[in-house]
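We have chain X already, so just place chains Z and H on it with the hints.
Single-letter residue listing:
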Amino acid sequence: MTRVTEQQLETDRMILNFGPHHPSTHGTLRIIMELEGETVMKAIPEIGYLHSGFEKLGEDLDFNQYITITDRMNYLSPLCNNVAYALAAEKLMELEVSKRTEYIRVLMCELSRIADHLLNVGMLAVDLGAMTAFLYGFRAREDIYDLFEIATGTRLTTSYTLVGGLMRDIPDGYDKAVLKVLDEVDEIANDIETLLTKNRIWHDRTKNIGIISKENAISYGISGPMARASGIDWDIRVNEPYSSYEDFDFDVAIALNGDVFDRYLVRMEEIRQSINICRQSLDKMPTGDVSIDPDFGFSLPPKDEVYNSIEGLIYHFEVTMPNRGMNPPVGEAYVATESPNGELGYYIVSDGNRTPYRVRTRPPSLINYSIFSKLIEGHMLSDAPAILGSINIIAGELDR
Amino acid sequence: MNHDDIKSNVLTTTLESAINWGRKNSLWPMPFGTACCGIEFMAVLAARTDISRFGAEAIRFSPRQSDLLIVAGRISIKMMPVLIRIYEQMPEPKWVISMGACASTGGVFDTYSVIQGIDNFIPVDVYVPGCPPRPEGVVESLMKIQNLIDKEKLSDYALSSSK
Amino acid sequence: MSLEKTLSQIEDSFSDYVFGLTEFAGEKIIHINGQRIIDVLKIFKDAGFNFLADLTATDNLTLGGFERFAVVYHLLSHASAERVTVKAYVPEDNPVLPSIELLWKTADWQEREVFDLFGIKFEGHPNLIRIMNPDDYEGYPLRKDYPRLGRKERYDFPVIDRGIQKQKRTK
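First to last, the sequence lines map onto chains X, Z and H. Residue 1 is where the first sequence starts when you use this note's numbering, and the numbers rise one by one after that. Residue 1001 is where the second sequence starts when you use this note's numbering, and the numbers rise one by one after that. Residue 2001 is where the third sequence starts when you use this note's numbering, and the numbers rise one by one after that.
The calculated lysine-lysine pairs, modelled on DSSO-like cross-linking and capped at a C-alpha distance of 27 Å, are:
hint : chain 1 : residue 1 : chain 2 : residue 2
1    : X       : K176      : X       : K99
2    : H       : K2042     : X       : K374
3    : H       : K2152     : H       : K2121
4    : H       : K2005     : H       : K2028
5    : H       : K2045     : X       : K214
6    : X       : K214      : H       : K2042
7    : X       : K374      : X       : K42
8    : X       : K42       : H       : K2121
9    : X       : K374      : X       : K214
10   : X       : K374      : H       : K2121
11   : H       : K2105     : X       : K207
12   : H       : K2105     : X       : K214
13   : X       : K42       : X       : K207
14   : H       : K2045     : X       : K374
15   : H       : K2042     : H       : K2028
16   : H       : K2005     : H       : K2042
17   : H       : K2045     : H       : K2121
18   : X       : K42       : H       : K2105
19   : H       : K2105     : X       : K374
20   : H       : K2042     : H       : K2105
Going by beta-carbon spacing under 10 Å, a handful of chain Z positions derived as facing chain H:
hint : residue
21   : I1084
22   : E1092
23   : G1106
24   : T1111
25   : S1113
26   : F1121
27   : I1122
28   : E1152
Don't read these hints as lab results, they were simulated from the structure. Predicted, not measured: the structure shown is a model, and the values here were computed from it. For glycine and all other residues, C-beta sits at the position ideal for the given N, C-alpha and C.
The following block holds chain X by itself, in its conformation from the complex:
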């Protein structure tokens, strides 16, 4: 038997098409990879498979109508998008909202953050072959869905905020329900950490994989947990507080290595901090109204007034008729908020009509994903799902 010579073993590079429909792409991503053996030499992400024209739609819907569209942009934490858009519109119109509104928004945002991170960690584990963490995480997520359903009426597409307020107040006894769920979440987070944090296989699959340096993170515009895992001490909730975040006492989770494992650690720590913030917001919940002054001219009147009094009905029509309603000032506003993925910004340009002139979302998913091709280079193919999972891409927000 002759030995195979080296010359005979020479192979070409292989082009692998990953997606757009692949279980670990979490939606609709497509990556074209050039492989040398099992090593990825080059990766070209191709996006846009879920481009739905959100921004064009924003030019046709009025300020309150567009809130329903913001839910569908980020379906892991829709309330954060609702709040961010409402904040941008309020900044444009220079509206002040009540303290209670702000606290409820904080509570909802933090619950969303918990739900998002639990799912993200769970999906990352599923992609690396550990199903249990996903099922645990989803159990807590279902409980949080229930909380959303109690407050907003739906599980996922909440549309809870209005420009200048909230759709409705939280019901009586809500705090007890939240506290119960928070205890469960705490327990489940413990369970997940017990399963993963000191797991040898988990370490092998996630440590030193997809390292983002501090310089690269800034150059690529990375924000949120990903940036904090690379050692950037920047959390919009602390550094540029919005919606009364300055009233809350919490720590910012930071890690230094910037690999997949650190991103996982940061997310788990953020779950703890969010639980803490939720508890504080329930403790300190101010009393008062959650809607703005109805005389202001564009918040819808309460439904029972619309159905039971002629004034309410007339007023409702006035607000919703095409040529009436809001008269925002001519101008533009950009508001950045800390969504579970990173800096979620809304940029609204108004020409004084009831519909915005231009609505732009600063999508953290898109900008965080842009570093992916750099991260995967030189890694094994099986690391691609790990890196993808740790970026936490939400296709709806990625493509808009």
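Below, chains Z and H without anything else, positioned relative to chain X:
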């Protein structure tokens, strides 16, 4: 074997209903989840509304191994060729659930890049309303598909050899 | 260097290119000619605005402005937690401005997005191709003169029939 043994051990039926019974209780769904409905589909899989109760928990992400396509989420003009290709790759007989408003009609996304209902281009058997539908709705649609399969007749199939 | 100082330095050194300085809702906006955008952003970057938070564009067809298109840069300084908006105007007949991909890598994809949706070209961009829409897409959907419902692109696909299960439905 005596008469009583046969009576308690043998069941007579038609080939048709035996096949349909097998098919409807072992559907292999392929979720084509693109957006919000995809997340709700995950909830359908998870513990609370467990679709393995209906024999449909064998999720396959390869169209060649599945017979039920669940289109969950909006389909953009860039995605539609992919969906058509996946539908064509599925072996027959196959069924399609259009989950949610976006897949069924385009939903709120009446824009330049969203397909206004996948049934314009591929056949759909069951539509699930809702934006997104609750997991219970998806389970209901699965039961509807089972009913459809139950009523199917082998003689209805236009086999290529019988043409 | 504080934001005011930086702004006045830019006004002095690029006086021919600066259209004006406005403030709305507590945010400072500097309006400039798109041709010198790299130099202006470099000054901002040296002054501590190390983070390009967002890059987008607006079509000023009915809004009015210095030119038809404005490319909008939102800068953030991590050190001083300040934000500033830079609007670079580009004319309709020649919508071209220099790419800032060399300053911030994040501009790569965002400039592609602006190119895809507005048709503004970025000189010096390494890979300026469509990002959201299919490569054979015609038109730039976020321009104000593009209809929201598109130009029938969404109806342009083959219709697939039911195969062997065909008879089931026709009955």
